[in-house]
Amino acid sequence: MIKLLFFGRLGDSAATAPELFEASEGLTPSAVRYALAIEHPRLVEALLEPQVLVSIDRVIADWNQPLTDGCELAFLPPVTGG
Amino acid sequence: MIKLLFFGRLGDSAATAPELFEASEGLTPSAVRYALAIEHPRLVEALLEPQVLVSIDRVIADWNQPLTDGCELAFLPPVTGG
Amino acid sequence: MSRRVVVQSEDFDLADEYRRLRELDAAIGAVVTFCGLVRDCQQQARIDSLTLQHYPGMTEASLNEVVLAAEQRWPLHGVSVIHRVGALLPSDQIVFVGVASSHRAAAFQAADFLMDYLKTHALLWKSVESDGQRSWVETKDSDQRALQRWTQSSTPP
Amino acid sequence: MSRRVVVQSEDFDLADEYRRLRELDAAIGAVVTFCGLVRDCQQQARIDSLTLQHYPGMTEASLNEVVLAAEQRWPLHGVSVIHRVGALLPSDQIVFVGVASSHRAAAFQAADFLMDYLKTHALLWKSVESDGQRSWVETKDSDQRALQRWTQSSTPP
Numbered sequence: 000m001i002k003l004l005f006f007g008r009l010g011d012s013a014a015t016a017p018e019l020f021e022a023s024e025g026l027t028p029s030a031v032r033y034a035l036a037i038e039h040p041r042l043v044e045a046l047l048e049p050q051v052l053v054s055i056d057r058v059i060a061d062w063n064q065p066l067t068d069g070c071e072l073a074f075l076p077p078v079t080g081g
Numbered sequence: 000m001i002k003l004l005f006f007g008r009l010g011d012s013a014a015t016a017p018e019l020f021e022a023s024e025g026l027t028p029s030a031v032r033y034a035l036a037i038e039h040p041r042l043v044e045a046l047l048e049p050q051v052l053v054s055i056d057r058v059i060a061d062w063n064q065p066l067t068d069g070c071e072l073a074f075l076p077p078v079t080g081g
Numbered sequence: 000m001s002r003r004v005v006v007q008s009e010d011f012d013l014a015d016e017y018r019r020l021r022e023l024d025a026a027i028g029a030v031v032t033f034c035g036l037v038r039d040c041q042q043q044a045r046i047d048s049l050t051l052q053h054y055p056g057m058t059e060a061s062l063n064e065v066v067l068a069a070e071q072r073w074p075l076h077g078v079s080v081i082h083r084v085g086a087l088l089p090s091d092q093i094v095f096v097g098v099a100s101s102h103r104a105a106a107f108q109a110a111d112f113l114m115d116y117l118k119t120h121a122l123l124w125k126s127v128e129s130d131g132q133r134s135w136v137e138t139k140d141s142d143q144r145a146l147q148r149w150t151q152s153s154t155p156p
Numbered sequence: 000m001s002r003r004v005v006v007q008s009e010d011f012d013l014a015d016e017y018r019r020l021r022e023l024d025a026a027i028g029a030v031v032t033f034c035g036l037v038r039d040c041q042q043q044a045r046i047d048s049l050t051l052q053h054y055p056g057m058t059e060a061s062l063n064e065v066v067l068a069a070e071q072r073w074p075l076h077g078v079s080v081i082h083r084v085g086a087l088l089p090s091d092q093i094v095f096v097g098v099a100s101s102h103r104a105a106a107f108q109a110a111d112f113l114m115d116y117l118k119t120h121a122l123l124w125k126s127v128e129s130d131g132q133r134s135w136v137e138t139k140d141s142d143q144r145a146l147q148r149w150t151q152s153s154t155p156p
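Chains A, B, C and D, in that order, give the protein sequences. Just so you know, numbering that gives the first Met the number 0 puts 31 at position 32 of the first sequence, and the rest follows in order with no gaps. Just so you know, numbering that gives the first Met the number 0 puts 50 at position 51 of the second sequence, and the rest follows in order with no gaps. Just so you know, numbering that gives the first Met the number 0 puts 10 at position 11 of the third sequence, and the rest follows in order with no gaps. Just so you know, numbering that gives the first Met the number 0 puts 108 at position 109 of the fourth sequence, and the rest follows in order with no gaps.
To be clear, the hints were calculated from the coordinates, so they are not data collected in a lab. Any given hint might turn out to be false.
Partial list, computed: chain B residues near chain D (C-beta under 10 Å) [what the hints assert, rightly or not]:
(1) Gly-7
(2) Gly-10
(3) Thr-67
(4) Val-78
Simulated coverage check for chain A against chain C, where a stretch passes if three residues somewhere in it have a Cβ under 8 Å from a Cβ of chain C [to be verified]:
(5) 1-7
(6) 19-28
(7) 63-77
Glycine is no exception: its CB is placed at the ideal position from the N, C-alpha and C atoms.
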């Protein structure tokens, strides 16, 4: 299984989104994102924003980087610190 | 009498310069400066530098402003604070 | 070069941070500090509280990258960055940046640069509670514009 | 706008000055402080001590003018300037500038501006004791150049 994390505004809209996602051969963050967007209409807009970044095991990753079973996948909307 | 004050590097070279200067009709800071430069060769160079400012009674003054008896005349070389 | 990067929910003490920076080296001639405070009002709305969310590990790494960029750009003796997370009230301290250098220009520029980069590159998400409503803060155009000062070809400001 | 300008031989306490600035107004979002320290070395020469000479009354007036210029240029809630005079040793604090504003850009720019103007406009004369010899510090070209940043027609850095 892949552990899912949603930050910022994505965390709000992801209130009903799953915390885990079934791992499968060749799965990418991009595929997970589209699957979530289809199943959770409240997530669509915020999740598909072009500024959203993704990290795998706490390192910024490419949307097409393959995911391994047991990894932590996080969706990071634009930051607003300071 | 006019009270004379010399700051910074002028204070060093003015060690032998007078603390008072005789007031007279129409006397200006410029006239005092030249009189001091003539009588105190060690003051000449530092006193005639174009960056030297003059104040009368603690207000920056013009070299040709008339001096009044009892005033405080100060010679201020370039500042180096901070 | 001494570097200190901390993400914490506890408050920080400017006096402690300053003491640490000024004692690093006898060649230090300038210490610039920046403290960010929660304003009572934002975009004309009264603020009840702010909440800063972070991603443990990644947030620290993002702050370290920003500090590294400043170190490579100016000759510095020390840099400290503290960012608070969690719930904060108006007038609370949010962020501290401190820079020690031999000369004032480097200290001012590096502190200014650190704040601009931190606003746009630190992995932190801010929400505001106002009139009982919570809303996520949007990235400001002015913060994006501030960044451009540091990437233009001219000498640093 | 709250203004505090002091010339004193005693040391100052950054924590006290910061507290005073941050408590001025709940709209304050940024406090920038600058502390100048005596470096142990200047122009490759080891320094035994520094002495700052001032002209009571006039020195304060010259500092007030510099602060007034900053107030007219940026929206500020508070400015504090403390300049020490008399004999100082390496690592001693010489000068404090603190600025409180709603926004960070104004606070950074005003503090930077204040230091540049203070270096060139404050009526203070600095001498250095090194190897038993006393010498007067010359005005630096870099300080004069720093000033030009604020008078050029482009927007402030």
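Earlier hints that do not hold, by number: 3, 6
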